[in-house]
Amino acid sequence: MIQNLLRVEKYFDSPIEKLQVKKESRNQSEVDQIFKTHKPHISVRNLNVYLTKNHILKNVNLDIPDKAITCIIGPSGCGKTTLLKTFNRLLQNSTDVKIEGDVLVDGENIHGKNVDIEGIRKKMGLLSQRPCPLPMSIFDNIAYGPRIHGIGRKKTLKIMVEKYLEEAGLWEEVKDRLKSPATSLSIGQQQRLCLARGLAVKPEIILGDEATSALDPISSKKIEELFLKLKDQYSIVLVTHTLRQARRIADYVVFMYLGEVIEAGPAAEIFSNPKEKLTREYLDGYFS
Amino acid sequence: MRKLEEKIFKVLMIAATLAIVISLFMILVGILKRGLPAMSWDMVSKIPGGGFYIGKEGGLLNAIVGSLYIVIGSISLGLIFSLPIVLYLNLYLPEKSRLAQFTRLSFDVLFGIPSIVYGAFGFTLMVYLGLRSSLFAGILTVTILIIPILIRSIDEVMRRVPKEMKDAALSLGATRSEIIKPILRQVAPGIVTAILLSVGRGIGDAASVLFTAGYTDSIPTSLSQPVATLPLAIFFQLSSPIAEVQDRAYAAALILTLIVLLLSVAARFYSRKFSKNKI
Numbered sequence: 060m061i062q063n064l065l066r067v068e069k070y071f072d073s074p075i076e077k078l079q080v081k082k083e084s085r086n087q088s089e090v091d092q093i094f095k096t097h098k099p100h101i102s103v104r105n106l107n108v109y110l111t112k113n114h115i116l117k118n119v120n121l122d123i124p125d126k127a128i129t130c131i132i133g134p135s136g137c138g139k140t141t142l143l144k145t146f147n148r149l150l151q152n153s154t155d156v157k158i159e160g161d162v163l164v165d166g167e168n169i170h171g172k173n174v175d176i177e178g179i180r181k182k183m184g185l186l187s188q189r190p191c192p193l194p195m196s197i198f199d200n201i202a203y204g205p206r207i208h209g210i211g212r213k214k215t216l217k218i219m220v221e222k223y224l225e226e227a228g229l230w231e232e233v234k235d236r237l238k239s240p241a242t243s244l245s246i247g248q249q250q251r252l253c254l255a256r257g258l259a260v261k262p263e264i265i266l267g268d269e270a271t272s273a274l275d276p277i278s279s280k281k282i283e284e285l286f287l288k289l290k291d292q293y294s295i296v297l298v299t300h301t302l303r304q305a306r307r308i309a310d311y312v313v314f315m316y317l318g319e320v321i322e323a324g325p326a327a328e329i330f331s332n333p334k335e336k337l338t339r340e341y342l343d344g345y346f347s
Numbered sequence: 013m014r015k016l017e018e019k020i021f022k023v024l025m026i027a028a029t030l031a032i033v034i035s036l037f038m039i040l041v042g043i044l045k046r047g048l049p050a051m052s053w054d055m056v057s058k059i060p061g062g063g064f065y066i067g068k069e070g071g072l073l074n075a076i077v078g079s080l081y082i083v084i085g086s087i088s089l090g091l092i093f094s095l096p097i098v099l100y101l102n103l104y105l106p107e108k109s110r111l112a113q114f115t116r117l118s119f120d121v122l123f124g125i126p127s128i129v130y131g132a133f134g135f136t137l138m139v140y141l142g143l144r145s146s147l148f149a150g151i152l153t154v155t156i157l158i159i160p161i162l163i164r165s166i167d168e169v170m171r172r173v174p175k176e177m178k179d180a181a182l183s184l185g186a187t188r189s190e191i192i193k194p195i196l197r198q199v200a201p202g203i204v205t206a207i208l209l210s211v212g213r214g215i216g217d218a219a220s221v222l223f224t225a226g227y228t229d230s231i232p233t234s235l236s237q238p239v240a241t242l243p244l245a246i247f248f249q250l251s252s253p254i255a256e257v258q259d260r261a262y263a264a265a266l267i268l269t270l271i272v273l274l275l276s277v278a279a280r281f282y283s284r285k286f287s288k289n290k291i
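Chains as they are written, first to last, in the working numbering: chain P, 60 to 347; chain R, 13 to 291.
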């Protein structure tokens with residue numbers, strides 16, 4: 060593990076601007092095969108997070124590949140969700156939070172000063188554990204994002220609503236009742252509505268916080284299929300409890316334990332040949 | 013044994029409910045019994061004529077309109093102050109902020125202060141500002157009286173807005189002021205309840221308007237004129253030795269009750285319409 064960390068650290072020692080240039084040499088450095096084809100979209104460097112003086116994330120160093128599905132796995136309470144929330148700065152809304160270290164999105168440190176928080180959040184669609192529609196109609200839910208970002212024309216909004224509902228595979232089911240409350244949808248439909256709502260602000264990244272755990276098997280399957288369809292256009296980061304889901308859809312896997320990243324790598328590699336004992340034990344189901 | 017326990021509790025619960033419903037019913041019957049004979053179209057359509065207070069003709073229109081003026085004015089003024097305060101407490105201050113805790117405590121204390129104290133405070137304020145007893149002073153005092161009710165009850169519903177909903181809106185890139193709209197939609201029924209509570213308190217309170225709004229037999233045409241209110245109409249007529257005038261106090265009480273009832277029904281109807289999108 061130490062060896063692995065050292066390798067990762069060496070890799071992160073170079074400032075982000077140089078990362079672009081050094082892309083070729085990284086291929087030889089055999090850190091991660093996946094970054095041959097996917098450049099890092101989110102980079103986490105020496106991240107430490109304290110919640111009410113508990114050390115939740117311990118020196119996390121991580122790279123999230125672009126246009127691929129990254130699954131963060133690990134037992135509950137290992138800091139997966141906390142890590143996800145540092146990506147769009149929602150963590151700051153809680154009390155007693157201390158964040159050290161950097162999270163770079165497209166090379167920009169989102170925890171730096173004078174950062175446009177709304178701009179960062181707009182880059183990332185968030186799917187929470189339970190779908191959380193806004194108290195509005197189906198149409199207004201999708202249109203909420205575009206509206207706050209300055210699109211007011213009814214015609215444009217209509218086109219956008221149809222487009223993103225289509226993209227989330229919900230258009231056929233709701234096209235006749237766009238005016239009815241979002242809560243009239245089933246919970247699986249609500250989750251797809253939330254996905255469509257997130258897509259409507261044109262994000263680059265989709266963050267999923269156990270996005271399928273509250274759904275029935277059929278709805279989760281639909282969501283998973285959507286993720287697979289969307290990964291060509293978006294970087295998708297999913298926190299998941301279910302290993303099977305990670306096996307099904309992940310391109311890149313991050314295994315966390317007690318606030319530390321134990322191992323990260325391409326899914327095939329992690330699942331077939333984990334380097335760390337802890338990872339192997341977790342994958343074999345010794346603890347969960 | 014456990015079955016017996018269950019039964020005892022059931023009896024206790026039913027007894028408590030009945031006691032309250034029956035006493036409410038008795039109050040209503042009392043008002044109806046003495047107020048209904050004194051009720052007439054004149055009562056709600058005319059202002060007091062000469063000799064109204066010794067049993068001659070006239071009505072209570074001055075007090076009805078006065079009470080409505082005061083309540084509408086103070087609710088509007090109260091909302092203008094309390095909504096920003098509640099939004100600030102819930103959206104802008106961190107969860108366990110000292111300032112928020114202190115503010116909530118202050119409003120809890122203000123909640124419990126008797127209305128005569130507000131009346132006295134309003135009176136001092138009036139003297140200080142050089143106002144005479146007037147509609148404006150009455151509205152101001154009743155506003156101060158109901159602001160703690162508005163704030164505490166809207167605050168309670170706003171605290172129950174799921175954090176996920178705020179996060180969902182924020183993660184779309186909304187600023188904190190932009191998430192006010194969905195939050196207000198979510199708490200709209202709660203705001204209606206808060207308004208109802210404060211209407212009930214504001215329209216029925218005699219002590220706060222006693223010094224500040226004054227009393228008059230005419231309907232005010234400007235904010236600086238004194239204004240009559242239903243609670244004071246009840247109070248003055250009830251202290252009359254003439255039985256007929258006393259009965260009119262009951263008629264006034266009946267009108268007051270009906271206004272509150274009507275407002276409640278209307279508000280509930282509209283709040284259901286508002287809340288159809290509530291999650």
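Each hint should be verified, as a subset may be incorrect.
The calculated lysine-lysine pairs, modelled on BS3-like cross-linking and capped at a C-alpha distance of 27 Å, are [as the list claims (entries may be wrong)]: (1) R/Lys-19 - P/Lys-234; (2) P/Lys-222 - P/Lys-172; (3) P/Lys-117 - R/Lys-108; (4) P/Lys-238 - R/Lys-108; (5) P/Lys-112 - R/Lys-290; (6) P/Lys-238 - R/Lys-193.
If you're looking for bench data, these hints aren't it; they were derived computationally from the structure.
Treat the numbers as computed from the prediction; the structure is a model and nothing was measured.
Tested hints:
no., hint, verdict
1, R/Lys-19 - P/Lys-234, "violated, 53 Å"
2, P/Lys-222 - P/Lys-172, "violated, 36 Å"
3, P/Lys-117 - R/Lys-108, "holds, 25 Å"
4, P/Lys-238 - R/Lys-108, "violated, 38 Å"
5, P/Lys-112 - R/Lys-290, "violated, 37 Å"
6, P/Lys-238 - R/Lys-193, "holds, 18 Å"
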